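Protein chains in written order, with my numbering: chain A, 36 to 334; chain B, 36 to 334; chain C, 36 to 334; chain D, 36 to 334.
None of these hints come from the bench; they were simulated from the model.
A quick note: this is a predicted structure, and the numbers were derived from the prediction, not measured.
It is possible that part of the hints are untrue.
[As the list claims (entries may be wrong)] Residues from chain D shown here face chain A by an in silico Cβ test under 8 Å; the list is partial:
1. VAL133
2. LEU137
3. TRP157
4. LEU173
5. ARG176
6. ARG188
7. VAL190
8. MET253
9. ARG260
10. TYR262
11. SER299
12. TRP328
Ideal Cβ placement from N, Cα and C applies to all residues, glycine included.
Number of protein chains: 4
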Amino acid sequence: MNSTSNQEPWQWPDTQWQMLVDRVRAGRPLKPGTWKNGARCAFAVSFDSDHETSDLRDGGRSISRLSAGQYSSRAGIPRIADILRRHDVPATFFVPAVSALLHPDEQRALCGAGHEIAMHGWIHELNSMLPAAAERELYLRASDTLTAICGERPVGLRTPSWDFSDHTLAIIAEMGLLYDSSLMGDDDCYELVGGGQPTGIVEIPVEWIRDDSPYLAMNRFSSLRPYTPPAAVLDIFIREFEAAYAEGGLFQLTLHPHVIGHRSRIWILEEIVRLAKSRPDVWFTTHRDLAQWVSEHAD
Amino acid sequence: MNSTSNQEPWQWPDTQWQMLVDRVRAGRPLKPGTWKNGARCAFAVSFDSDHETSDLRDGGRSISRLSAGQYSSRAGIPRIADILRRHDVPATFFVPAVSALLHPDEQRALCGAGHEIAMHGWIHELNSMLPAAAERELYLRASDTLTAICGERPVGLRTPSWDFSDHTLAIIAEMGLLYDSSLMGDDDCYELVGGGQPTGIVEIPVEWIRDDSPYLAMNRFSSLRPYTPPAAVLDIFIREFEAAYAEGGLFQLTLHPHVIGHRSRIWILEEIVRLAKSRPDVWFTTHRDLAQWVSEHAD
Amino acid sequence: MNSTSNQEPWQWPDTQWQMLVDRVRAGRPLKPGTWKNGARCAFAVSFDSDHETSDLRDGGRSISRLSAGQYSSRAGIPRIADILRRHDVPATFFVPAVSALLHPDEQRALCGAGHEIAMHGWIHELNSMLPAAAERELYLRASDTLTAICGERPVGLRTPSWDFSDHTLAIIAEMGLLYDSSLMGDDDCYELVGGGQPTGIVEIPVEWIRDDSPYLAMNRFSSLRPYTPPAAVLDIFIREFEAAYAEGGLFQLTLHPHVIGHRSRIWILEEIVRLAKSRPDVWFTTHRDLAQWVSEHAD
Amino acid sequence: MNSTSNQEPWQWPDTQWQMLVDRVRAGRPLKPGTWKNGARCAFAVSFDSDHETSDLRDGGRSISRLSAGQYSSRAGIPRIADILRRHDVPATFFVPAVSALLHPDEQRALCGAGHEIAMHGWIHELNSMLPAAAERELYLRASDTLTAICGERPVGLRTPSWDFSDHTLAIIAEMGLLYDSSLMGDDDCYELVGGGQPTGIVEIPVEWIRDDSPYLAMNRFSSLRPYTPPAAVLDIFIREFEAAYAEGGLFQLTLHPHVIGHRSRIWILEEIVRLAKSRPDVWFTTHRDLAQWVSEHAD
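Turn these sequences into a full structure, and let the hints guide you.
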């Protein structure tokens, strides 16, 4: 990385850790004084539609895992779309381009129902490990692919790694994206700062806590198991929502069709939606409209 | 695997991931308009009788783990058989041939009580890693072994890996099996499609969610622990059943005698059976009869 | 191990897996028609007093882990001894010889209070990995060490690995031990069979399910964490006890002073004892008296 | 380490394990007959303010993890400080020097609010793996850094490893620190003994059980997940507190702003504080005042 890279971190000069921290930073808070229509709180639910790419990005050797990827689209998405429709909740789907190519009708139907399709890399590659040119080329190609399928160019990115390489921020800026949703610097939106310079790009922060995978994912060859009882997962999401409501802030949630889409879990989505719908002053929004609003209305 | 195999997945041409996905695919849904006797829902419970093969397939070095395998047959199976008998529930036991050779009377008694004995490989080998000829030879030998013990040729397979190699589907087709139960492409049965061609083979999908092991298994040398409270496991199974009932679909469950057969867990089986038995319109079936029904009655 | 050891298990001739399985086997059930004083059920609680040896056996490098070992003796044992005394429950402590040498007064006080001190190896070595001569020599030396400290020769062994090497059973037989408590072939006691021959040695089976460690242990450099809520641990122990009571069998429990001895966990021991004490027909026994009883009264 | 270091632990002469155990030992109990103002119980809550150093100490490559470190200071600390202020509870913040340099105003504000800032290494280095000279130099530099920022020299250390190297105790003694808070030899305070010699240094013991991280931390590249329901974490802390209260002892708790500072978890801190505040006879104290009290009032 630089001349100090063969040192242990405890041997670094202060300039080294300061440089590392300054690459990307949470800047100006983008918490508006008021939400759309005077709402007290914003509710932005998103789905990472990884489908078959969860296994393809590792080589695509497991036919069983690929079948679970097909389940994600075949059984998970219809259950999700049905709940969103019945409760009239717009959502954002972050879709790897290869997922979209395997399931183009799914993306068109979701667009047609008023949901947002946004970027999630090419084949769910670990973007933070890629050469800069490859990362850039894959994002550009993914953007073109989604545009061709949905008829609209995506304005937001969730990086597949939920992480940035040293080059990600510059690529996002070059592409003119409205927002990113991959980092964890706050509960509410903020402006991304790169190398000390405000970028004008909105960050909609994610968190493992507001994600179904850490509690419920399974990987037979590691020790990941769905150890947390589903009712406990809902309890965590409710606590996150209630505190966001109390603070007048943003409740952002990330779910995965191959995780939440199962019969014993889909009710979690419906319950958290029901809870929020029981309040008269919650704004249900896509990530795109959220980013637009906070960039225009932050204090 | 092919000329692109030394590339990273993000470097693949589209033909490569498309080819990998197309090897085996969930095809025509096999959800019948009505279940046998006009039932609303089908209930198919299965047991993977791995017994001592859980350790033998890794080399059989641990005398303690082999004793736990003996427990599976000595203490687990009688408790399971007793519940199935008292509640009049037929079930399917997937039995590695070596398990059957170590416990032939167990298999004969289960057959005699109306349960189905089906294939689960030779010695619980990781079939998805085997050379094609070895995988084929072991299935053929396992089929002959079960036939010799039970007096009836098995018509279904659950692969020991819960996964397919690139050759598994062709071997199943060659053997003329009625069904496989190893993949995860849907909640309800479907027809397996190989290389784009319908095969006529019924897939009865499994899921880690409807399996006792992910929540309750223990491997002292890895980090697998029985972290999930048993009551939470039952809650998950109930949610899967209730949604299957509401959808008029299939509730399929996989348990392991060495996991569920313990005093503090066997009640989970009895409770889920009791719940289903409290409904007048649930069809309790073996996997064989289920596969037969859906292949004849799918819309 | 033999001429087939360079084969994969699925390539083995049947003689190979049969030989591995036959090394040690659960034989004649030792479930008596009646328990002492006509009790309906036996309650045998044990403690593995590993103390500092948990870390010493791995090299003793961590001063923090050694301090947790001292906690085990300094804070854990007094809480345990107090509960056993107040409820008048005899117990068995399996003590590595090095633990006993570090804490000889603890062992003498437990003996003096009517508890049993039994063998648990020398320094909690992984006995199943040792050369035969070393395993034998360490058991003999451990037996002499406990005898010198307690004034009484131990009659039972729990192997530190909770597993046997190919030589363990022969060493136990040579030492003339009354019982072993390391294997998992049943819920109730049984006679150990070696190479097809009954040995007259009583096995008092253990289980990870009836052990506090799988749910509550922590190893910072692996992924082991105390993820299971303590109330759920008690629930599992209660279910094991109630089923043993219903079956008229044995309830055997293994706890660790460094795990259960903490303020937020010690109540689990008291609750399970209280529950059993609320029944008039439970026999509370050491492992030694249990082994003696079943060897004399099995049907 | 010495001439026996190429032996396996089961081959060691007794002098070897005795020497290892004697390096650092829990000595004289420092449980006073009475707490300040006649209180029945002491309540000492601490926060390890690792912030960005959690990732920097491993190389600082992950921009996402660094953003979560910024969250710790930006979102977590204000929520914590607010609860402590509203309930009038003093606390101790163990702050790596690099954290303090990145967030100096945070440290000054906490000092100004009556909290204690104490040492937690330079950059959260694994101190137990360092050369002796490096460990010493980093502690000295960290002490100077905190002094420069806060205007007061720290008197206590929590080692970043929660562990000692063979040199840590001597460095603490040389620096004249009042207390350490890294080891686990008891529930209540004790005097550290090194090589058999009392040192006069107070140990305020920590425990993974009274730490939010084991239950709630997440590391995407290992299997660590926040599997324990938050309500179960509070239950454990309550049990620890209630037993400390019953014993008239010390309740010590360690939380992390990047773990507990989230909306769905911060309530755990408030609830345990509320419970303790509901008793008239609990002494809320910093670790510094606690160490001072027990060193002056132990029986």
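Each hint, compared with the structure:
no., hint, verdict
1, VAL133, "holds, 6 Å"
2, LEU137, "holds, 7 Å"
3, TRP157, "holds, 6 Å"
4, LEU173, "holds, 6 Å"
5, ARG176, "violated, 10 Å"
6, ARG188, "violated, 21 Å"
7, VAL190, "violated, 23 Å"
8, MET253, "holds, 5 Å"
9, ARG260, "holds, 5 Å"
10, TYR262, "holds, 4 Å"
11, SER299, "holds, 4 Å"
12, TRP328, "violated, 34 Å"
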